[in-house]
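Asker: Each chain, written out:
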Amino acid sequence: AQSVTQLDSQVPVFEEAPVELRCNYSSSVSVYLFWYVQYPNQGLQLLLKYLSGSTLVKGINGFEAEFNKSQTSFHLRKPSVHISDTAEYFCAVRSMDSSYKLIFGSGTRLLVRP
Amino acid sequence: GAGVSQTPSNKVTEKGKYVELRCDPISGHTALYWYRQSLGQGPEFLIYFQGTGAADDSGLPNDRFFAVRPEGSVSTLKIQRTERGDSAVYLCASSLEAVGEQFFGPGTRLTVL
Numbered sequence: 016a017q018s019v020t021q022l023d024s025q026v027p028v029f030e031e032a033p034v035e036l037r038c039n040y041s042s043s044v045s046v047y048l049f050w051y052v053q054y055p056n057q058g059l060q061l062l063l064k065y066l067s068g069s070t071l072v073k074g075i076n077g078f079e080a081e082f083n084k085s086q087t088s089f090h091l092r093k094p095s096v097h098i099s100d101t102a103e104y105f106c107a108v109r110s111m112d113s114s115y116k117l118i119f120g121s122g123t124r125l126l127v128r129p
Numbered sequence: 007g008a009g010v011s012q013t014p015s016n017k018v019t020e021k022g023k024y025v026e027l028r029c030d031p032i033s034g035h036t037a038l039y040w041y042r043q044s045l046g047q048g049p050e051f052l053i054y055f056q057g058t059g060a061a062d063d064s065g066l067p068n069d070r071f072f073a074v075r076p077e078g079s080v081s082t083l084k085i086q087r088t089e090r091g092d093s094a095v096y097l098c099a100s101s102l103e104a105v106g107e108q109f110f111g112p113g114t115r116l117t118v119l
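Chains A and B are the protein sequences, given in the same order. Each position in the first sequence, counted from 1, maps to that position plus 15 in my numbering. Each position in the second sequence, counted from 1, maps to that position plus 6 in my numbering.
Bear in mind the hints are in silico, worked out from the structure with no lab data behind them. It should be emphasised that the depicted structure is a prediction, and the values quoted were computed from it without experimental measurement. Watch out, some of these pointers could steer you wrong.
[What the hints assert, rightly or not] One-sided excerpt, in silico: chain A residues whose CB lies under 8 Å from chain B: (1) 56; (2) 57; (3) 58; (4) 59; (5) 61; (6) 116; (7) 117; (8) 120; (9) 121; (10) 122.
Yeah, the Cβ is synthetic: ideal placement off N, Cα and C, and Gly gets one too.
Extracted from the complex, chain A is given alone in its bound form (with noise of 0.2 Å):
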């Protein structure tokens, strides 16, 4: 089985400044990694994705992350966010021998302030 841990529910941040959104997975076999974007009143949208290669990932939006397999971490960075990135942030993963079902953490809320 797998589980996902966003440690942080609400991460509170100037515009322009950096940031990252943190995510943790625990798994007996190899996964895929994904984080997903929701914005208010929308859907799910993917924002990055890893499946194998390179750890560092970029995604839309000018997000990317780094899979560090001896931390089991995968987190979400941005070096200038807007106040147009204010939503939640979702990790997922999605084990490789069963390839459809995603597991998602509980979500990170990101509010970025003038």
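With chain A's structure known, arrange chain B on it following the hints.
Answerer: This is chain B only, laid out in the frame that chain A set:
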């Protein structure tokens, strides 16, 4: 192009009533998923369809929950004898194939009074 759509966007019902939630996947997507997102939580898997058949319904919480996809396109999630604990946002997603990227709809917010 059209994304995944879900109707209704909001549903308020009374305890004990029956509800149906509809999902229209992206045209041509063979795989369809239902997730439930309770307040302050991430989405939790309910059921996965490949074509018309439910390939995995292990996430359905109990036998009050049932889902169908009779023609391999539109899916309906059915909840009998609703309880207050069923209140949540029900998300639908579809993908071109089982291993593909899942595209999510906006969800149906179900409130059971």
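Asker: The structure should be examined with respect to each hint, and the outcome stated for every one.
Answerer: Status of the hints after comparison with the structure:
1. Interface hint status for residue 56(A): upheld, as the beta-carbon distance to the closest one in chain B is roughly 7 Å, under 8 Å.
2. For residue 57(A), the shortest C-beta to C-beta distance to chain B is roughly 6 Å, which falls under 8 Å, so the interface hint holds.
3. Of the supplied interface hints, the one on residue 58(A) holds, with its beta-carbon coming within about 4 Å of a beta-carbon of chain B, less than 8 Å.
4. Against a cut-off of 8 Å between C-beta atoms, the interface hint on residue 59(A) holds, since the closest Cβ of chain B lies about 4 Å away.
5. Look at residue 61(A): its Cβ gets to within about 6 Å of chain B, closer than 8 Å, so that hint holds up.
6. Residue-level restraint check for residue 116(A) holds (minimum Cβ-Cβ distance to chain B is 5 Å; threshold 8 Å).
7. The restraint placing residue 117(A) at the interface with chain B holds, with a minimum CB-CB distance near 7 Å, inside the 8 Å limit.
8. Contact between residue 120(A) and chain B, as hinted, is supported at the beta carbon level, the nearest pair being about 5 Å apart and thus within 8 Å.
9. Taken as an interface hint, residue 121(A) checks out: its beta carbon lies about 5 Å from the nearest beta carbon of chain B, inside 8 Å.
10. Checking residue 122(A) against chain B by beta carbon gives a least distance of about 5 Å; that is within 8 Å, so the hint holds.
Comparing the model with each earlier hint shows no violations; every hint is respected.
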